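**Q** So you can see what is in the structure, the chains are spelled out below.
2 protein chains.
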Amino acid sequence: MDLASPSCGCMSTTEHSPECPTGFIRNPHIARMDEDFLYHLGLGTKTHNLPEMFGDVKFVIVGGTPKRMENLAKYLLNEIKHKLPVGTQLSDLTGAADRYSMYKAGPIICVNHGMGNPSISILLHELIKLVHHAKCKNPVFIRLGTCGGLGVPGGTVVISDGVLNDKLNGEHEFKILGNVVPRPTKLDANLAQELKAVASPSDGFQTVIGKTYCADDFYEGQGRLDGAFCDYQEADKMRWLNMLQQRGVVNIEMESSMFAALTHNAGLKAGIICAAIVNRLNGDQITETKETLGEWQERPAKLLARYIRRQLGV
Amino acid sequence: MDLASPSCGCMSTTEHSPECPTGFIRNPHIARMDEDFLYHLGLGTKTHNLPEMFGDVKFVIVGGTPKRMENLAKYLLNEIKHKLPVGTQLSDLTGAADRYSMYKAGPIICVNHGMGNPSISILLHELIKLVHHAKCKNPVFIRLGTCGGLGVPGGTVVISDGVLNDKLNGEHEFKILGNVVPRPTKLDANLAQELKAVASPSDGFQTVIGKTYCADDFYEGQGRLDGAFCDYQEADKMRWLNMLQQRGVVNIEMESSMFAALTHNAGLKAGIICAAIVNRLNGDQITETKETLGEWQERPAKLLARYIRRQLGV
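Protein chains in written order, with the UniProt record's numbering: chain Z, 1 to 314; chain P, 1 to 314.
Some clues are possibly wrong.
If several chains are the same, the list does not tell them apart, and a pair holds so long as it fits within one copy or across any two.
Calculated pairs, SDA-like style, for lysine to any residue (alpha carbon to alpha carbon, straight line, at most 20 Å) [to be verified]:
#, residue 1, residue 2
1, K290, H40
2, K46, I286
3, K175, M243
4, K175, S91
5, K81, S91
6, K46, T289
7, K175, Q245
To be clear, the hints were calculated from the coordinates, so they are not data collected in a lab. All values derive from a computational prediction rather than experimental measurement.
Here chain Z stands alone, though its shape is the one from the complex (with noise of 0.2 Å):
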């Protein structure tokens, strides 16, 4: 049994196997099953029809919180001019699960993915086989959240072009039946450019593309000095981060190296865009007022909204 390397007949998105026709899912496994229930999202394969209620979905986004999702869907239908029926809203479509909340807008579903990378895994899982169930066509996958900036000031948009560990790799280590198995942490170079390229001058804010260092805490594990434990002083969190700096990393985060390495691993164009709260450069605490917090997490919805439109042509 070679882990590291698929046996199934699905390794390529242009070569796969019949089992597997839209060349997302990597598991020889799911085609022999009589029922797919996609358990944390309350959806299954006898119970839904899923290439009807899905088939025609071209973004999957996610980002932390069910209520920013919910708000983001509601903008993006606006925003490429989706009209729901008279009379009609939209409700939550995982609703009965009461683990993630999913929105669609058209042909965008906007989904919380919870806080780390085990909470954005068991999402990820799901929804590529969700879009495999559904037989969707190229669905770009686009993760929008927050994130401490390095070196930027708040409120600085950072798209990532890129993925590092704990041990400075573009990998992530899954640890399967004993085995540690790495995965590359790579996002889609095009996506990146085509994110980046809807952002303008006239703005208000910056927009930048860097590295991005994916944690497994938001105290101890980015060298914050506020966390309930701190065994370490201010100079060695100082020096740590200007070594990050040093690699290129402009921003830090908790799902990164999860949803880099599931997309890539499913042949999925994916993207990372997030709005940075605090500069780690100069402090740990996030003390802006949540007035301010609000606008600086619209931003990455603007640019993705453009770039939607743009992909649509609306």
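Fit chain P to the given chain Z structure using the hints.
**A** The following block gives chain P in isolation, referenced to the frame of chain Z:
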């Protein structure tokens, strides 16, 4: 800098520095901060009177979803016969932060932790600082959750007496400033026995004590065959599950190693009690009805309520 051995004066709950009057936190920087804003809880030392709000807290209960924790708080309120003022109801104490939901039922707080170690990590750092700032006296931390069972039928209640990581060690490996810092995943042995002692043969369900395996993923990380990716066979999976069972593992979930490592590091009395929603030796998919799953998930809460009533002398 010796990261594995904290150098601040707050190493023990009996002997600690004046900087850390409660003994829970291990961070000399906190006492020097003007304000400590617990960002993901939306609570701060300057904006809120934390001793007044939370000084009476004796039990801190954490669990997966917001809805389940709200229902738990209402249930416990009734169980401990705590009356709210006429015309009032419980409300989410972290509503403004939009990350976690926290409810207070007399001396009990119930907070959802989302899914996975990183998500519960953020919450625990902030809860440990909260009980510190609020000057709580010997609060007991308990995680209530769901899990995959190993050799026990769905519906079994599992009380953890230790947590193993992917290397089968009783440690959680923290990644801090480029170093790997292992911390023991110890739970309170007396608390496990106290929780077991309130189970009764007439419960209509089995309650067992055993080791918990903590994974960072629901699919490949737990040896499931039904994720978006799977490069192993049924026989590989069964070999791994059987090996875990031989090591004393009775359940698998995704938050225990962080929960045990952080509460132990804080010198807190802590325990984990979960309902198994599937016997992994029989399959991967969660196929029970929502009603059955709902009833199973209430079982740990029943034991918890008895334990708390006994402690409070209700």
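**Q** Could you run down the list of hints and mark each one as holding or not?
**A** To see whether the hints hold, each was checked on the structure:
{"no.": "1", "hint": "K290 to H40", "in the structure": "between (30 Å within a copy, 12 Å between copies)"}
{"no.": "2", "hint": "K46 to I286", "in the structure": "between (45 Å within a copy, 14 Å between copies)"}
{"no.": "3", "hint": "K175 to M243", "in the structure": "between (27 Å within a copy, 16 Å between copies)"}
{"no.": "4", "hint": "K175 to S91", "in the structure": "neither (36 Å within a copy, 39 Å between copies)"}
{"no.": "5", "hint": "K81 to S91", "in the structure": "within (18 Å within a copy, 37 Å between copies)"}
{"no.": "6", "hint": "K46 to T289", "in the structure": "between (47 Å within a copy, 14 Å between copies)"}
{"no.": "7", "hint": "K175 to Q245", "in the structure": "between (28 Å within a copy, 18 Å between copies)"}
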